[in-house]
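Spelled out, the chains give:
Number of protein chains: 2
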Amino acid sequence: MDDDQLSQVFAALADPTRRDMVARLAVRDATVGELADPYDVSVQAVSKHIKVLADAGLVSQTRDAQRRPCHLEAEVFDLMTKWIERYRQQAQDRYERLDGVLAEMRGDERPTDHLQRGAAS
Amino acid sequence: MDDDQLSQVFAALADPTRRDMVARLAVRDATVGELADPYDVSVQAVSKHIKVLADAGLVSQTRDAQRRPCHLEAEVFDLMTKWIERYRQQAQDRYERLDGVLAEMRGDERPTDHLQRGAAS
DNA sequence: GTGGTTTTCAACCAAATGGTTGACAACGGT
DNA sequence: ACCGTTGTCAACCATTTGGTTGAAAACCAC
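Heads up: the protein sequence lines correspond to chains A and B, in order.
Using the numbering used here, read the first sequence as starting at 644 and increasing by one per residue.
Using the numbering used here, read the second sequence as starting at 644 and increasing by one per residue.
If you're looking for bench data, these hints aren't it; they were derived computationally from the structure.
Check the hints yourself; a few may be wrong.
Straight-line distance between alpha carbons at most 20 Å, and here's what the computed DMTMM-like set of lysine to aspartate or glutamate pairs gives [claimed, not checked]:
1) A/K694 x A/D663
2) A/K725 x B/D663
3) A/K725 x A/D645
4) A/K725 x B/E728
5) B/K725 x A/D721
6) B/K694 x B/E718
7) B/K725 x A/E718
Work out the full structure, taking the sequences as your base and the hints as a guide.
Written as structure tokens, this is what we have:
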């Protein structure tokens, strides 16, 4: 289910630590230890964070001996962007249409249906 | 703190019910009751959801008698898009650079450090 | 094979989350 | 003035989340 992945992706990025990890993975791949380094938490905690990112499809892990290098997966970002863009666009359009309506009815006392919610009438 | 708002926005959109509400608010403004209608949960629960969206800055509420019409705020989407675009772009760039490297070394048997993680040796 | 490094698994804990119900505030209609 | 409607607040409950510690798996190096 795509909706479910979207939920996972948003949830994953809701955490500042995980967003920071993504930011660093955008620059270069890194092992769990390398990722854990800057933070003042246990490696286990970071490992969990990576699992969350991986489950969301934002990160993939491969093997290199004991190490598990993490790689940022760019495709998932498109999923988000698509979702956001759709509704941002609609909201924006409505806003601009309202602007047009307001300009059009300068001096008119009857609000159009765009403003119904405010119309006590 | 901008980082904090970003966390709130992502967290708010991690819930499918709230995403659906946003989708409907993108079409038209709606009261709490109207928003609650399609869902099989109490109005109180929906009221809470709206509070989360409002705290994140995604939604604003006004007054109309007993009713509290909700309005989608488009600007916050830009905050998200900006964050996402930055890292998507970097990841994309890196990916394309890798493509270039791969093309450049056609026939070479030694993988560069870009591929280390996959190299079983 | 023994030991060190890297990472994950398991159990546990405190805090946050999403839901419930009950009470009540705010308002319009009659 | 009352009643119905609309929405929020408060208390509560189950589940999830982000952290901890301890143990163990997987691997290289010696």
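Status of the hints after comparison with the structure:
1. A/K694 x A/D663: Between A/K694 and A/D663 the Cα gap is close to 15 Å, so the pair holds against 20 Å.
2. A/K725 x B/D663: holds (15 Å)
3. A/K725 x A/D645: holds (12 Å)
4. A/K725 x B/E728: holds (12 Å)
5. B/K725 x A/D721: Holds. B/K725 to A/D721 sits at ~13 Å (cutoff 20 Å).
6. B/K694 x B/E718: holds (18 Å)
7. B/K725 x A/E718: Status holds; Cα separation ~16 Å.
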